[in-house]
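Chain A is fixed; fit chains B and C onto it per the hints.
Protein chains in written order, with my numbering: chain A, 2 to 356; chain B, 3 to 295; chain C, 1097 to 1343.
These are calculated hints, taken from the structure and not from any lab test. Do not rely on the hints blindly, as some may be mistaken.
Facing chain A, from chain B, some residues (calculated, C-beta under 8 Å) [said to hold, decoys possible]:
| no. | residue |
| --- | --- |
| 1 | M3 |
| 2 | L4 |
| 3 | L7 |
| 4 | L11 |
| 5 | V85 |
| 6 | G95 |
| 7 | W101 |
| 8 | L105 |
| 9 | F225 |
| 10 | V229 |
| 11 | F261 |
| 12 | M270 |
| 13 | I275 |
| 14 | R276 |
| 15 | P279 |
If you anchor each label on the Cβ, the simulated ranges turn out as follows [what the hints assert, rightly or not]:
| no. | chain 1 | residue 1 | chain 2 | residue 2 | range |
| --- | --- | --- | --- | --- | --- |
| 16 | B | P279 | C | G1319 | 35 to 43 Å |
| 17 | B | R276 | C | E1109 | 23 to 31 Å |
| 18 | C | R1232 | A | A195 | 29 to 37 Å |
Pulled from the structure, derived: some chain C residues nowhere near chain A, Cβ distances all over 12 Å [as the list claims (entries may be wrong)]:
| no. | residue |
| --- | --- |
| 19 | E1109 |
| 20 | T1170 |
| 21 | F1175 |
| 22 | V1178 |
| 23 | G1183 |
| 24 | A1194 |
| 25 | L1195 |
| 26 | P1234 |
| 27 | M1250 |
| 28 | P1256 |
| 29 | G1267 |
| 30 | Y1334 |
Positions of the beta carbon are idealized from the N, C-alpha and C atoms, including for glycine.
The residues making up each chain are set out below.
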Amino acid sequence: MMRLLRLLNGPHDLGQGRAFWSGMALLAAAFLAYPAIASSFAASNVAYYLLNIPMALGLSLLWGYGGVLSFGQVAFYGIAGYTYGIVAGNFQDFAWGTAAGAVAALLAAGLSAAAFGYFVFYARVAAWIVPILTLVLALLLSTFLGLTAGYQWRVGGIQLGGYNGMTGIPALQIGGVTFQDYAFFYLVAVVVAACYIALRVWVNAHRGQVLMAIREDVLRTELLGYDVRLEQLRAFVLASVLAGVSGLLYVQWGNYITPSAIGLQQAALPVIWVAVGGRDSLLAVAISTFLLNQLSYVLSSSGNQSALVIVGGLLVAVMMFAPEGIIVGLGRARWLRALAPWRSAVGPGRPGHGE
Amino acid sequence: MLPELTSVLYQFGTNAAFLLLSALGLIVILGMMNIINLAHGEFMMLGAYAASFAVHRGIPFPLAIIAAFFATGLFGIVLERLVIRRFYGRELGALVTTWGISLILAQGALLLFGPYMPPIPIPGGAVSVGVYSFSVYWLILIGICVVLVAGLTLVYRATPFGLQARATMQNPTIARSLGIRTGRIYMLTFGLGAGLAGLSGALLAPTTSIAPYMGQQFVAPAFITVVVGGGANVIAGAVGSSTFLSLIETPVSLALGTFYGTMALLVMALLIIRVLPAGISSLGARLRPAIAR
Amino acid sequence: MASDAAEPVLRAEGLSKRFGGVVASDGIDFGLRRGEMRCVIGPNGAGKSTFFALLCGILPPDAGRVFLKGRDVTHLPAFRRVRMGLGLTFQTNRAFHALTVAENLETARRASARSDADDAHFRAAYAAFDLAASARRPARELPHHQLQWLEICMALRRGPDVLLLDEPTAGMSPGETMFTADVLKTLSRDGLALIVVEHDVAFVRKVAETVTVLHQGAVFAEGPVEAVTRREDVRQIYLGRAREPAT
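Chain A with its partners taken away, still in its complex shape (with noise of 0.2 Å):
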């Protein structure tokens, strides 16, 4: 126990230290207490922005940390929503059928991740092939599902329904609590904490430390003994997994799915989250995705139609001229650690990692 804890308070994040995790103790008893003073409505707007966190999570993990850049994530994050969406639909009859939706939401993106990242992995193709490889994955998937409109395209009794997706999807229940509204809140919020916690952790034991080997030098790291490409698959399997969380959280959050969840501008918004936030701190990106995404929120709903170019703008801003990403640089900045106690670590991610 004592070790984990001392594997929590490593240094490959932002922030250590008694302060640090005061501080944070406090966010996520604010977060918990939410509900107590917020509507229903804007509960579940929270919980939206709150549900991308394990994806981008899961990037960051692998670009940031490990250097690899995927483009495809929500090709998992669908791969799960739609497979929920089928087996609990198909069993919601029974009591553990939701359950078993989410288990095999988790497995398929899982599985999937596997067959598609041994073909990429194992060949040790240069570094630009995997953006661009799942990427494809992300848009045929898109288009595939974008097909599936007529009648035949069903599996049990659920039908895949084309372009405008897949509606009515059951809310997941476990024991007699089924997950929607309050319930549906407090679950996102505990699964983004406890994912949080798991990676860091993980970044900071020993796999982790492989992949940041991988990512600054990956001969040396070969030449070490290690499998490269069994460390870049088991990376790029956890963080589709991690996509996977999300996708299972967005059809509980509007029990609906369409393929325009996994298309070409969804694709760019994990990367953008990871980017403008620092991909190399989990904790720098779980703040921009939160922020990014209440931003777009904000601006789509008050009918600004130029959240993507504004989201975009900011992405070629922060590529050029703070590539380490905002949050990190901010967390990072002396003057402002002299203004809060709390410890930052030198961290591993510069410019010129993973890039």
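Below, chains B and C without anything else, positioned relative to chain A:
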């Protein structure tokens, strides 16, 4: 028998032409700078937009295409100077940045020009062989592909720019020490790649609807062609890859439909990279010593 | 005695490699016995780095075979050879700058599930190079010679049978170079087989028993260090005049 054979050949030719046109600009840039321009689809869109704009102001289509080439090429040069050249040596960074640019361009086009541009009517008519009818325009496009490849080969082999470009591709450090202005070569290459993308977009504009996100339909085929072709030898990679992939895609499309044809391309790419991680164009490097003996 | 007449622990037969029109390795035969310390020398462009890469498995040969402890490893990827008992360091230093010294060594230690590593050589080197004092410092803060020593310790961490070092003393002061030579000589006496690719003649004279001279991708001369380095034709190839070995 002859009509069926002609039809299959036609399909093969048009698929290959589509792949080549989609990928050519991308490969030119990749081969020189090892950068994948994710705004490539949007450059094609810009070319189509420029052509539509010109055509609907009375400019004849062939001239509109040339205008599209230069307009997009110029835009590419400006973009290279402002943004791209900060990312040499940082390929993934360039990739992500061009992605942001593609978002800005596509969504910007939507906001500025609305959901559709006026379409360009497809020139030429149709030609019949047996019960099959073939579009004259597509036959022209196949011919244009041949001209483009020949033209590019001429540029790379017979012009001073081409020679300097090939030297820079092989070894930029030595090229620089010989006095070649590699910065200018990169700028011109990016402009050429962008211009070719715009040209392809303009050429393909009559075959599709001209809309802000029209670049998307070319993205998957273009990227697959580039992955299979590789950057080692620009022209050999482009031609070899599009020909080879069309050989796979055509029968699958004929049997199962266009989507499955594209799916077969992805599967093929995954298989090819296992055998040739650096793409088809790297075969040349492997074969040359054997021939030299 | 360090060398015995048994099967060589590392052996190459007819290793050849071309890059385009350039013959980088031309039918190299090579054998290293347990506890032997061999230096591979030769003028620039002789093919030392290519030979090194072929032995490790970074490059696949066009022809020829590599045997490690009697097993044909020619078609094994590099990481499998390392797991079988090969340790390497590089010409340009490649420790992980983002990790601490301790983390670098820990990463080296846990490269595979094998837990019965013999780390006697490692412990000797670690103590001799006195790296414990810097255990918690990020590698990027170390001075150059300590980074080189860290790399050697990383290569030794899992108790390899053969250590391949590519110019381990490049950039070191004469004092540091000689100290490194002493440490390596001690390891060799304790039974480690070593191949060192080197330029520094003083280092070679101090450390090696036998040298292999490479020239234009082929083995030009091989034998006891004193005899070979005194040969006129060997000196000539460094000056660019000799083409064939004198018989």
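Quick check on L4(B) please, does its C-beta sit within 8 Å of some C-beta on chain A? At about 34 Å, which exceeds the 8 Å cut-off, the nearest Cβ of chain A leaves the hint on L4(B) violated.
Less than 8 Å between beta-carbons is the criterion; does F225(B) satisfy it with respect to chain A? 5 Å, holds
Interface hint outcome for L11(B) [beta carbon to chain A under 8 Å]: Since chain A brings no Cβ nearer than about 27 Å to L11(B), farther than 8 Å, the hint is violated.
Far enough from chain A: is every CB of that chain over 12 Å from the CB of F1175(C)? Violated, because the least Cβ-Cβ distance between F1175(C) and chain A comes to about 5 Å, which does not exceed 12 Å.
G95(B) as an interface hint toward chain A, with CB separation required under 8 Å: Holds. Min distance 4 Å.
Can we confirm that no CB of chain A comes within 12 Å of the CB of G1183(C)? Violated, since 9 Å does not exceed 12 Å.
P1234(C) and chain A, when compared Cβ to Cβ, separated by more than 12 Å: 8 Å, violated
At 12 Å, judged by beta carbons, does V1178(C) keep clear of chain A as stated? Per Cβ check, V1178(C) is inside 12 Å of chain A; nearest 4 Å; violated.
Is the claim that P1256(C) lies outside the interface with chain A correct, judged by CB distances over 12 Å? Since the minimum Cβ distance to chain A is about 9 Å, P1256(C) lies within 12 Å and the statement is violated.
Consistency of beta-carbon spacing, E1109(C) to R276(B), with hint 23 to 31 Å: 29 Å, holds
Have a go at the V85(B) hint: is there a Cβ in chain A nearer than 8 Å to its own Cβ? Nearest chain A Cβ about 7 Å off; hint holds.
Just double-check L1195(C) for me: nearest Cβ-Cβ distance to chain A has to come out over 12 Å. 6 Å, violated
Comparing the model with each earlier hint shows violations of hints 1, 2, 3, 4, 12, 21, 22, 23, 24, 25, 26, 27, 28; every other hint is respected.
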